[in-house]
Amino acid sequence: MASVKSRLTLLITILSFMSGCSSMKELEPMSYNSTEEMIQYLKLTEQQIQNISVINKRYDERLESSCIQGMRILKKAQHKKALQQARNDELKQVLSPQQLTLFQQKIRRDKAKKVARYM
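Per our numbering, the very first residue in the sequence shown carries number 1; after that it's consecutive.
Calculated from the structure, these hints are not laboratory results. Treat the hints loosely; a few may be bogus.
To be verified - With a straight-line cut-off of 25 Å between C-alpha atoms, the simulated DSS-like cross-links for lysine-lysine are:
| # | residue 1 | residue 2 |
| --- | --- | --- |
| 1 | K75 | K57 |
| 2 | K113 | K75 |
| 3 | K111 | K80 |
| 4 | K106 | K80 |
| 5 | K114 | K92 |
| 6 | K92 | K81 |
| 7 | K111 | K75 |
| 8 | K111 | K92 |
| 9 | K92 | K43 |
| 10 | K111 | K81 |
| 11 | K75 | K43 |
| 12 | K57 | K111 |
| 13 | K114 | K80 |
| 14 | K43 | K113 |
| 15 | K43 | K111 |
| 16 | K113 | K92 |
| 17 | K106 | K43 |
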């Protein structure tokens, strides 16, 4: 069974690489990009909700447009990381210190889960 799963994973990876472009959202869901989820665990004010919705939408569009440019997998990953850092820098200006701490903790937990999933 593990062999079938690993072969299927390899096939999907190869096809994604060969296609040159597939939706990054489908490959790696970024749960902390969800405005609704942020509202839930950060207890955002109405003004923060509006600001964060604009920020998330802008960076989601940039993430999608980077896919359209036909970048290879490594280049996409580097571009995605740079976009996430820029987005997080903008969010720092919108969130309170307590909210920012919670947000950063959630990002770390999500990354740890992702790493554990691939080990």
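Status of the hints after comparison with the structure:
1. Among the hinted pairs, K75 with K57 is consistent with the structure: their alpha-carbon atoms are about 22 Å apart, no more than 25 Å.
2. The straight-line distance between the Cα atoms of K113 and K75 is roughly 23 Å, inside the 25 Å bound, and the hint therefore holds.
3. Proximity of K111 to K80 is assessed by CA-CA distance (about 14 Å); at most 25 Å being required, the pair is judged to hold.
4. In summary, the hint linking K106 to K80 is supported, as the alpha carbons are separated by about 18 Å, within the 25 Å threshold.
5. At roughly 24 Å between alpha-carbon atoms, K114 and K92 fall within 25 Å of each other, so this suggested pair holds.
6. Using a Cα cut-off of 25 Å, the hinted pair K92 and K81 holds, with the two alpha carbons roughly 16 Å apart.
7. Proximity of K111 to K75 is assessed by CA-CA distance (about 20 Å); at most 25 Å being required, the pair is judged to hold.
8. Simply put, K111 and K92 have alpha-carbon atoms about 19 Å apart, close enough for the 25 Å limit, and the pair holds.
9. Of the pairs offered as hints, the one joining K92 and K43 holds, with about 15 Å between alpha carbons and a cut-off of 25 Å not exceeded.
10. As the CA atoms of K111 and K81 are separated by approximately 12 Å, the hinted pair is consistent with the 25 Å bound.
11. Taken as a hint, the K75 and K43 pair is broken in the structure, with Cα atoms around 35 Å apart against an allowance of 25 Å.
12. With a C-alpha separation of about 22 Å, the suggested pairing of K57 with K111 holds against the 25 Å cut-off.
13. For the hint pairing K114 with K80, the CA-to-CA distance comes to about 16 Å; that is within 25 Å, so the pair holds.
14. At roughly 23 Å between alpha-carbon atoms, K43 and K113 fall within 25 Å of each other, so this suggested pair holds.
15. Between the alpha carbons of K43 and K111 the distance comes to roughly 22 Å, so the proposed pair stays at or under 25 Å and holds.
16. For the suggested pair K113 and K92, the alpha carbons sit about 23 Å apart, so the restraint of at most 25 Å is met.
17. Pair hint K106 plus K43 holds up; C-alpha atoms about 14 Å apart against a cutoff of 25 Å.
Violated hint: 11 only; the structure is consistent with all others.
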